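With chain A held as given, fit chain B onto it using these hints.
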Amino acid sequence: MSVREISQPTHSNHELSARQQATVRLNVEQASFAYAANAQAAPTFTLAGTSFQARERELVAILGPNASGKSTLLRLISGTIAPLSGRVELDGQETSRLDPRTRAQRIAVVHQESSILYAARAGDFVLQGRYPYGRALRLATSEDVAIARNALAQVGAEHLAGRTISELSGGEKQRIILARALAQQPRLVLLDEPTLHLDIGAQVELLERLRQLAEENKYAVVVVTHELALAAEFADQVVLLHHGTCLRVGTPAAVYQRELLEQVFEAPLDVEIGPAGRPRVHLHARRNQDST
Amino acid sequence: MRPLTLKRLVWTCAALAVVLLACIVLALKLGAVPVSVVDLVVNLGRVAIGQSDQLPTEYRLIIFDLRLPRILLGVLVGTALSVSGASFQAMLRNPLADPFVLGVSSGAAVGSVLGTLIAPRFAFITPLGAFLGALATIAAVYFLGRRDGQLDSTTLLLGGVIAASFLSAIVMFLTTQLAGRDLRGIVFWLMGDLSTPIQPGLQWIFGVGLLAGIGAIYTTAPDLNLLLTGEREAIHLGVDVTRVKLVVYVSASLLTALAVSASGTIGYIGLLVPHAVRLLFGPDYRLLIPASALCGAIAIVLADTLARTVAAPTELPVGAMTAMAGAPVFIYLLRRGMR
Numbered sequence: 001m002s003v004r005e006i007s008q009p010t011h012s013n014h015e016l017s018a019r020q021q022a023t024v025r026l027n028v029e030q031a032s033f034a035y036a037a038n039a040q041a042a043p044t045f046t047l048a049g050t051s052f053q054a055r056e057r058e059l060v061a062i063l064g065p066n067a068s069g070k071s072t073l074l075r076l077i078s079g080t081i082a083p084l085s086g087r088v089e090l091d092g093q094e095t096s097r098l099d100p101r102t103r104a105q106r107i108a109v110v111h112q113e114s115s116i117l118y119a120a121r122a123g124d125f126v127l128q129g130r131y132p133y134g135r136a137l138r139l140a141t142s143e144d145v146a147i148a149r150n151a152l153a154q155v156g157a158e159h160l161a162g163r164t165i166s167e168l169s170g171g172e173k174q175r176i177i178l179a180r181a182l183a184q185q186p187r188l189v190l191l192d193e194p195t196l197h198l199d200i201g202a203q204v205e206l207l208e209r210l211r212q213l214a215e216e217n218k219y220a221v222v223v224v225t226h227e228l229a230l231a232a233e234f235a236d237q238v239v240l241l242h243h244g245t246c247l248r249v250g251t252p253a254a255v256y257q258r259e260l261l262e263q264v265f266e267a268p269l270d271v272e273i274g275p276a277g278r279p280r281v282h283l284h285a286r287r288n289q290d291s292t
Numbered sequence: 293m294r295p296l297t298l299k300r301l302v303w304t305c306a307a308l309a310v311v312l313l314a315c316i317v318l319a320l321k322l323g324a325v326p327v328s329v330v331d332l333v334v335n336l337g338r339v340a341i342g343q344s345d346q347l348p349t350e351y352r353l354i355i356f357d358l359r360l361p362r363i364l365l366g367v368l369v370g371t372a373l374s375v376s377g378a379s380f381q382a383m384l385r386n387p388l389a390d391p392f393v394l395g396v397s398s399g400a401a402v403g404s405v406l407g408t409l410i411a412p413r414f415a416f417i418t419p420l421g422a423f424l425g426a427l428a429t430i431a432a433v434y435f436l437g438r439r440d441g442q443l444d445s446t447t448l449l450l451g452g453v454i455a456a457s458f459l460s461a462i463v464m465f466l467t468t469q470l471a472g473r474d475l476r477g478i479v480f481w482l483m484g485d486l487s488t489p490i491q492p493g494l495q496w497i498f499g500v501g502l503l504a505g506i507g508a509i510y511t512t513a514p515d516l517n518l519l520l521t522g523e524r525e526a527i528h529l530g531v532d533v534t535r536v537k538l539v540v541y542v543s544a545s546l547l548t549a550l551a552v553s554a555s556g557t558i559g560y561i562g563l564l565v566p567h568a569v570r571l572l573f574g575p576d577y578r579l580l581i582p583a584s585a586l587c588g589a590i591a592i593v594l595a596d597t598l599a600r601t602v603a604a605p606t607e608l609p610v611g612a613m614t615a616m617a618g619a620p621v622f623i624y625l626l627r628r629g630m631r
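Protein chains in written order, with the working numbering: chain A, 1 to 292; chain B, 293 to 631.
For reference, chain A alone in the conformation it holds in the complex (with noise of 0.2 Å):
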């Protein structure tokens, strides 16, 4: 039904062009992955070779459901895993062969939910974020603090520095966490499934000010996510996986077709687009099948 709409232009040629000219952070090319109980059994899991590039700026996200190899990729891009074969660079360097620290200098990830086992201050949580950069034991100089207030700030929770993060609530915290990974000053902010848990209000809130930070700091952003609906609305462009194998690349509108997505999440849905030129996509309750 949708194949009409999908040749919409979703972005202005305008916007497009500029969006091509900027720098390309990531450059993720035919990157593979294998796990195995040990390196003589068979493999458990494999992702096949996957590609697509994050400009700065850019807002990525992978989109799949469950085991379809996102939090692999994400663990490829964060340099925590080599690729069994291919390439992952950030500005030219394999993300896989940097050291720790450099590493940490150059790449923020921000996990699902970061549990905190002490009573620690959410201005200190933050500071973290200036370890990488750190010498010896660390002690915090007055250029970490002020990148940490700035932080803070960039998320809107300046008045939570001197809050236990336990008492905040799961948006607060997940700005917190956020705020963290900026104190980072990283080029590259990885989301590993950051909505989980949150309201739907605080979804949106957050997903608008990571636009707002991609654009204001030059970060590449890329966000796993199974939540259709948010990926159509905020990413530039979308990778979509399925049982470890890479669909299509694209944006979202170039990416969101019916067939295909549903046959990826074993939903029936419709897809339609906005008035903004992004695509919809609406769920049916199975029932309404069965019936006919």
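These are computed hints drawn from the structure, not numbers from a lab.
It is possible that part of the hints are untrue.
Here are the in silico distance ranges between beta carbons for each label pair [to be verified]:
| id | chain 1 | residue 1 | chain 2 | residue 2 | range |
| --- | --- | --- | --- | --- | --- |
| 1 | B | A309 | A | A41 | 35 to 45 Å |
| 2 | B | V602 | A | T164 | 32 to 42 Å |
| 3 | A | Q40 | B | Q491 | 45 to 55 Å |
| 4 | A | A136 | B | G337 | 37 to 47 Å |
What you are looking at is a predicted structure, and each value in this text was computed from that prediction instead of being measured.
C-beta atoms are modelled at their ideal positions from N, C-alpha and C, and glycine is treated no differently.
Frame of chain A, contents of chain B only:
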């Protein structure tokens, strides 16, 4: 924002050192034979200026041959157990971790007794056996505590409790095989006691081992702060987790081994002290480690003074004191964690 500064670090430690000194003076004064503070200060002054030959004989005997070695032993044991407890808590991400609760102390006791049985004439075997025993136990408990590749808090603690009771039974069996077959030995290994001084030839090993263990752990203090928020997070912030694990597990096992081979299994100090320090000074490991070391020494010196005086002239094992204070705190922390 109030980040830790060098000034606050130094001043806090200096203040705690003064408190520790005051506690040592108090512990020297109190006991079956009362000693006045004035006499104590005068005589300590004589020793300080090198006139120890002018000391009255009874002073030399009571203060310098009996009380002071015992107090210094307490300082060593309290420091070692507190720092090892604090570091186990960060590595295992469990506020209830403590060398006694995890069975590491009992493992060290088994290693120590076994070593003495195998090579009784080789004095160094006591701390060496304890070190190997402690290392083996923490490795075993760590793997017992894993579920689906993740450390599970409850499984870990249960694993530790099982290991502790199993190893304590082995200690009892082995102690009966030792020459003398006295029940005092069993009390020493199971409850902990400061009445047996370290053998003269071994003192330097304990001193160097203590400083090396604490120093090594302290180099990882900023890493431990990050590990508290999770291993993955720490890796992404640039922590070399494998190196930190190796350094901390080996050093914490060494510290436990030193404490246990010198004083038996004194319980709960590694749990009580870091918890109190967190309440007082916050959870930052850069301050927590030195503050726990000093507070651990203070706690044991006070507990042992109490143990010596509360039922004088009978002396209680110091482990009985720490267990009476520690067990309720453990239950409190456990219940708070469950909520």
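Taking each numbered hint in turn, which are not upheld by the structure, reported in ascending numerical order? Violated: hint 1 alone.
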